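Use the sequences and the hints to build the structure in full.
For the record, the sequence lines run as chains A and B.
Heads up: the first sequence runs through residues 18 to 370, numbered per the working numbering.
Heads up: the second sequence runs through residues 304 to 862, numbered per the working numbering.
Mixed in with the good hints there might be a few duds.
Unchecked claim - Result set (DSSO-like, lysine-lysine): computed pairs, CA atoms no more than 27 Å apart in a straight line:
#1 Lys718(B) - Lys127(A)
#2 Lys646(B) - Lys82(A)
#3 Lys90(A) - Lys646(B)
#4 Lys84(A) - Lys236(A)
#5 Lys718(B) - Lys364(A)
#6 Lys90(A) - Lys718(B)
#7 Lys662(B) - Lys61(A)
#8 Lys718(B) - Lys297(A)
#9 Lys364(A) - Lys368(B)
#10 Lys128(A) - Lys718(B)
#11 Lys373(B) - Lys236(A)
#12 Lys662(B) - Lys90(A)
#13 Lys835(B) - Lys90(A)
#14 Lys222(A) - Lys191(A)
#15 Lys646(B) - Lys662(B)
In short, the hints are calculated from the structure, not lab data.
Keep in mind the model is a prediction, meaning the values are calculated, not measured.
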Amino acid sequence: MKSKWLISVGLVVCLLLAFALPMCAPAPPVEEEKPPVEEEELAKSIRAYMSGTPEHDADQANFIKQKLGVEVKYLYLSCGVIGARLDAEAPRFSADMCISVCGPQAVTAKKEGWSIAYDSPAWRGLGSEWKDPDDYWFNTACVVFVLVGNEDRLAEQGYAMPDSWEDLLDPKWKGQIVMPSPATSGTAFRMLFTFLQLYGTLVGKGEEGGWEYMAALDKNIDHYTSGGNAPTDLVARGEFTLGITNQAQVQPRIDEGYPLLWTIPEEGSGFGLGPNFILKGTEELYTCQKIIDLLGTEEFSALRAATGYVVKDDVPIALFGTKPKLVPNLDLNWAFENQDRLMDEWKTRFVTE
Amino acid sequence: MAEARALSRPRFVWQKIEDFFAVHIVSTTGGLLFLIVAIFLLWPIIAVLTRSVFGSEGLTLEYYKTFISKSYYHRSFYNSLLLGVLTTSVCLSVGFCIAYLTTCGPVYLRRPLRLVTFLLLISPPYIFALSLIILLGHRGIITQALHLNWAIYGFTGVVIAQSLAFLPLAYMMIENTLSSLNPNLEDSAANLGATEGKILRSITLPLLRPGFLKAALIVYVLAVAEFGNAALLSGRTSFLAPDTYLTIVGEANYNMGSVLSFFLLLPCIIVFVIQNYLIRGKSYTTIGGKPVAAEPRHISSVILIPMLAVSFIACGLILLTFLVVGLGAFTKIVGVDNTFTLKSILDVGSTAVLINSLKVSFLAGLLGGILGVLLAYVIIRGRFRGRTTLEGMTVSGITLPGTVLGIGYILAFNKPPLLLTGTIVILSICSVFRHLVVGMEAGITKLKQLSIEVEEASLNLGASTVTTFRRIVLPITFPAFMYGFMYTFMRTMVGLSAMIFLISPGYSLVSVYIFNEATLGRIGLSCAATLKLITVVSACLAILQFSSRRTGLSVTRKA
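Take a look at the structure:
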């Protein structure tokens, strides 16, 4: 009996060691970057993380499939989620590249060494808002946010669509406005730093001036959604009268017949980047590079502009027609550097229930 | 005995190996299972806890300090506690009423009541958030009809949704205990002249205490940790589970997410300890524990009427929910534009993810069924130490918050040799180990009916261990396997909290799809996908039930 028990314990210990020892060892270093592939053959498919919206992601994936014959297996996640994924997965990513994600992720990926630089002929000579100076990321589309209103609800109450961000502070809107939460949405973080600069640092009141605006706005906000596009749908369906939202879904909802109004208030909108980058460790480097080249074409810009994004090429932009008014002199670097602090400050002030 | 047989054979090498396994197969399998369960249940939790005390500069309590110093964390912690307590009380009292009616109440009510609660088991728990939004949202059907300037978003909404969502679990566990009580005890009390209220108070309820505590523990954990309803309905109120999710996925802050996970785990640990301490040393088995309560008893109207009222209200709300979701699937925008449309139901996006879910759930069901039976076998037949630990570990799987387990899986299985993230296997595995206890307990119940002498006789008559297992143990445990399979399959199909962390590019699941569409406010697509999900799961279960009945291996409800 005793020997039986000993043998089984021995077996278990051996197995445990076999599994546990390598697990305790530090993660093996990431393989060095592969030398440029000689044979010019595209992979059948690549895997990508994509932000934006499910519809836009599908359009972009289809475009790549049509032009290159490469299937993009993508996972739609919000920018924050992609950032969390990259952090958890490093240095072994479940995707080959990130397509149309947000500024902070591209900046972090470059800083942490998760992305691969590529000197793409399609992107040479563009300014720093379109391309990382060291070739680590490529911005295909700037996202802006807009003010949306539900036509029926406005008419019911006899109110006109506001044309200034200041109008939103009027007590008549109490409980009628929705915006995304800066703690969880990249779009909302853009709103936060835009307002902090617009009503604070840019008008000489310091950051506190901006927080005062946010506090006054908070009194009229019903709740903060977790996704940046959610207010579009909530306002389109008439759950709320006004919403500050990502522009991406506005045109599609109008086309579907929802009573949705939009405007860029007179002060202008803030904007963020929609960068693309290749993830280190990919086995399909050549294909990813070809995709980056493709993303730099005017045709791709036209595709993005057709859904209301501001692009590098001179093509007509849906929703806006021409380039919309943006808040001048926004400091994006200040925003990325202070992101953690600003988010903590926001939560301390406004997560009160 | 097996040893005697081993000694009497010629000692060829192959024979030796075979004999070794014949003798030690149970212990080695037990050891292996112990290892597997430890890797897939303990290791992820350890990974989460480690991450909560390890920062970029080594060991630190910095993150716990942050939790204690920030008011926004206090709020969500407090809200979650309150939510858990309220939901648990509602679920237990309503669950008891329905369970009492289905075991002792009028016969014609039993089947319909059971059916309604079963309906809940195969539908995603966040279905109630959908229906509450359609009914009582800012543009809800009821809100508009009554011109209310109020909406369901907030604490009340979440409590209602969670209570309805976890009612069937509370019901099932209470019903299980209730039906195994020997009615003779109650009958004798009645014959001796005790009133029904007195019997209920002094006999039935005290005997139900273990069942109640177990149900309370599990409902509490689920109510606090499942974040679907809370994320969709909370409005401005913060809760721990959605906060944990958003800390990880929105802020990419694994350290704080792990700290929040610890606080999600904490009440579970406390409740678990209390439960074990309270029940230990007290025997609650009534003589001849076989369920005999089949005959409807006379229940006086003082007790019957309130019970009927509570049960009917609860079931009415559940049926209303399904009706509303059904409507939502076929109308353009329910409440706003009620034109009939097939657009949502024909949407291919949800079909693709539904197929993914089916694959994952089928794999999970298979693994769950097999592992459950094996575990039951080694726990009942094994002679090695650590059996109770193995059983305890498996049981604790179901009490782990899904959110925590999901985070644990990303942290634990992202490095070789167990590089599982990004595969579909990790989705199945995560679900298997969370629900393993169900198959195991069913297996234990079955095996306890089979005396070990039958197996020994088979061995003595010259059958090998494998043959014995195949010819004797397998047939008797097959219903337990099927039960484990079905339960794991169902829960994997509708599970969200852990899965949402583990899906990978090009491989989403239907539960995540429903949740994502609902957060974007596309209620029509969510409802349509929910409807498809419920239909497919019921169809699968019906086929399984039918085929197992045809093969003579009928699956009873509790094995």
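Cross-check of the supplied hints:
1. Between Lys718(B) and Lys127(A) the CA atoms are separated by roughly 22 Å; this keeps the pair inside 27 Å, and the hint holds.
2. At roughly 26 Å between alpha-carbon atoms, Lys646(B) and Lys82(A) fall within 27 Å of each other, so this suggested pair holds.
3. About 25 Å separates the Cα atoms of Lys90(A) and Lys646(B), which keeps this hinted pair within 27 Å; it holds.
4. With a C-alpha separation of about 49 Å, the suggested pair Lys84(A) and Lys236(A) falls outside the 27 Å cut-off, and the hint is violated.
5. Between Lys718(B) and Lys364(A), the direct Cα distance comes to roughly 34 Å. Violation of the 27 Å bound is thereby established for this hinted pair.
6. At most 27 Å may separate the alpha-carbon atoms for a hinted pair to count; Lys90(A) and Lys718(B) meet this at roughly 23 Å.
7. Of the supplied pair hints, the one linking Lys662(B) and Lys61(A) holds, its CA atoms being roughly 24 Å apart against a limit of 27 Å.
8. For the proposed pair Lys718(B) and Lys297(A), the alpha carbon gap of about 16 Å is at most 27 Å, so the pair holds.
9. Taken as a hint, the Lys364(A) and Lys368(B) pair is honoured in the structure, with Cα atoms around 17 Å apart against an allowance of 27 Å.
10. As the CA atoms of Lys128(A) and Lys718(B) are separated by approximately 22 Å, the hinted pair is consistent with the 27 Å bound.
11. The hinted pair formed by Lys373(B) and Lys236(A) meets the criterion: a straight-line CA distance of about 22 Å does not exceed 27 Å.
12. Between Lys662(B) and Lys90(A) the CA atoms are separated by roughly 18 Å; this keeps the pair inside 27 Å, and the hint holds.
13. Distance check on the hinted pair: Lys835(B) and Lys90(A) sit about 24 Å apart at the alpha-carbon level, within 27 Å; holds.
14. Our distance criterion of 27 Å between C-alpha atoms is met by Lys222(A) and Lys191(A), whose separation comes to about 26 Å.
15. With a C-alpha separation of about 25 Å, the suggested pair Lys646(B) and Lys662(B) falls inside the 27 Å cut-off, and the hint holds.
Going through the hint list in order, the structure does not satisfy hints 4 and 5.
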